[in-house]
Amino acid sequence: AQRVTQPEKLLSVFKGAPVELKCNYSYSGSPELFWYVQYSRQRLQLLLRHISRESIKGFTADLNKGETSFHLKKPFAQEEDSAMYYCALKRDNTGKLIFGQGTTLQVKP
Amino acid sequence: DTEVTQTPKHLVMGMTNKKSLKCEQHMGHRAMYWYKQKAKKPPELMFVYSYEKLSINESVPSRFSPECPNSSLLNLHLHALQPEDSALYLCASSHAMPTGGGYGYTFGSGTRLTVV
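Chains as they are written, first to last, in the working numbering: chain A, 162 to 270; chain B, 347 to 462.
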């Protein structure tokens, strides 16, 4: 079965500290993986997708097929990064997007 | 236009009412989705439409009835809902499968539904 696991419900760091939000997945096919962010009272927004290997707002994520992971990283956290972050997997034949349980990132001043 | 627009933003309805949620996009996406999101929980998929045809129904109760009248519009008709159906209902769109390129979904801001 397809599954996305985000082991941390809450990650609290100080401004300027490095951040790593963990995501592990279970899928036998070719996964497409994404990170979505939901700021307070705002819509769910696409942050990163694994296929583009881009950096958005200083965040990067690398797909590690050996470890079935897609961790989200940022070297220096900012207060405005405080939000809920969801890792998501899209099945390659249906387009169905499956979300992890989400990690709340709290960046303290 | 790169947005998914949902109306209304808020809706309060009684258990005997009939109401509809609307979703619109003009990005040329041929796949559209309804998700339900409870507070502090991830979105849960309800329905998938691909090329205006229902392709996935995630065992949603029949009191929720989706409709896709054309490639830009998606409706969710509600009837005889229960208080536990109160949630944020999200619409999303994307390029239809099968496509490569790792395209994600574009989400609307949602309709916050309260059933009393």
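Derived by calculation from the structure, the hints in this document are not laboratory data. Where hints are given, some of them may not hold.
Quick list of in silico lysine-lysine cross-link-like pairs, DSSO-like style, CA-CA up to 27 angstroms [claimed, not checked]:
#, chain 1, residue 1, chain 2, residue 2
1, B, K384, A, K226
2, A, K183, B, K355
3, B, K368, A, K176
4, B, K355, B, K384
5, B, K386, A, K218
6, A, K183, B, K365
7, B, K387, B, K365
8, B, K382, A, K170
9, B, K386, A, K257
10, B, K365, A, K269
11, A, K170, B, K399
12, B, K399, B, K386
If you anchor each label on the Cβ, the simulated ranges turn out as follows [stated by the list, open to error]:
#, chain 1, residue 1, chain 2, residue 2, range
13, A, S191, B, S366, 35 to 41 angstroms
14, B, G374, A, Q206, 15 to 21 angstroms
15, A, Q262, B, S411, 39 to 45 angstroms
Even glycine gets a Cβ: it sits at the ideal position worked out from N, Cα and C.
So, going through the hints one by one against the coordinates:
1. Annotation: proposed proximity of K384 of chain B to K226 of chain A is violated, straight-line Cα distance about 31 angstroms (limit 27 angstroms).
2. Proposed proximity of K183 of chain A and K355 of chain B is contradicted: the alpha carbons are some 32 angstroms apart, above 27 angstroms.
3. For the given pair, K368 of chain B sits about 40 angstroms from K176 of chain A by alpha-carbon distance, which is inconsistent with the 27 angstroms threshold.
4. Between the alpha carbons of K355 of chain B and K384 of chain B the distance comes to roughly 16 angstroms, so the proposed pair stays at or under 27 angstroms and holds.
5. Restraint check for K386 of chain B and K218 of chain A: the C-alpha separation of about 24 angstroms stays at or below 27 angstroms, so the hint holds.
6. For the proposed pair K183 of chain A and K365 of chain B, the alpha carbon gap of about 40 angstroms is over 27 angstroms, so the pair is violated.
7. This hinted pair checks out: K387 of chain B and K365 of chain B have alpha carbons roughly 25 angstroms apart, not beyond 27 angstroms.
8. Straight-line distance between C-alpha atoms of K382 of chain B and K170 of chain A comes to about 20 angstroms, which keeps the hinted pair within the 27 angstroms bound.
9. Between K386 of chain B and K257 of chain A the CA atoms are separated by roughly 21 angstroms; this keeps the pair inside 27 angstroms, and the hint holds.
10. Restraint check: the Cα-Cα separation between K365 of chain B and K269 of chain A comes to about 43 angstroms, which exceeds 27 angstroms; the hinted pair is violated.
11. Taking the CA atoms of K170 of chain A and K399 of chain B, the gap is about 36 angstroms. The hint is violated against a cut of 27 angstroms.
12. Our distance criterion of 27 angstroms between C-alpha atoms is broken by K399 of chain B and K386 of chain B, whose separation comes to about 31 angstroms.
13. A hinted range of 35 to 41 angstroms for the beta carbons of S191 of chain A and S366 of chain B is consistent with their spacing of about 37 angstroms.
14. For G374 of chain B and Q206 of chain A, the hinted distance range of 15 to 21 angstroms is satisfied, since their beta carbons lie about 20 angstroms from each other.
15. A hinted range of 39 to 45 angstroms is violated for the C-beta pair Q262 of chain A and S411 of chain B, which are about 29 angstroms apart.
Checked against the numbered hints above, the structure breaks hints 1, 2, 3, 6, 10, 11, 12 and 15 and satisfies the rest.
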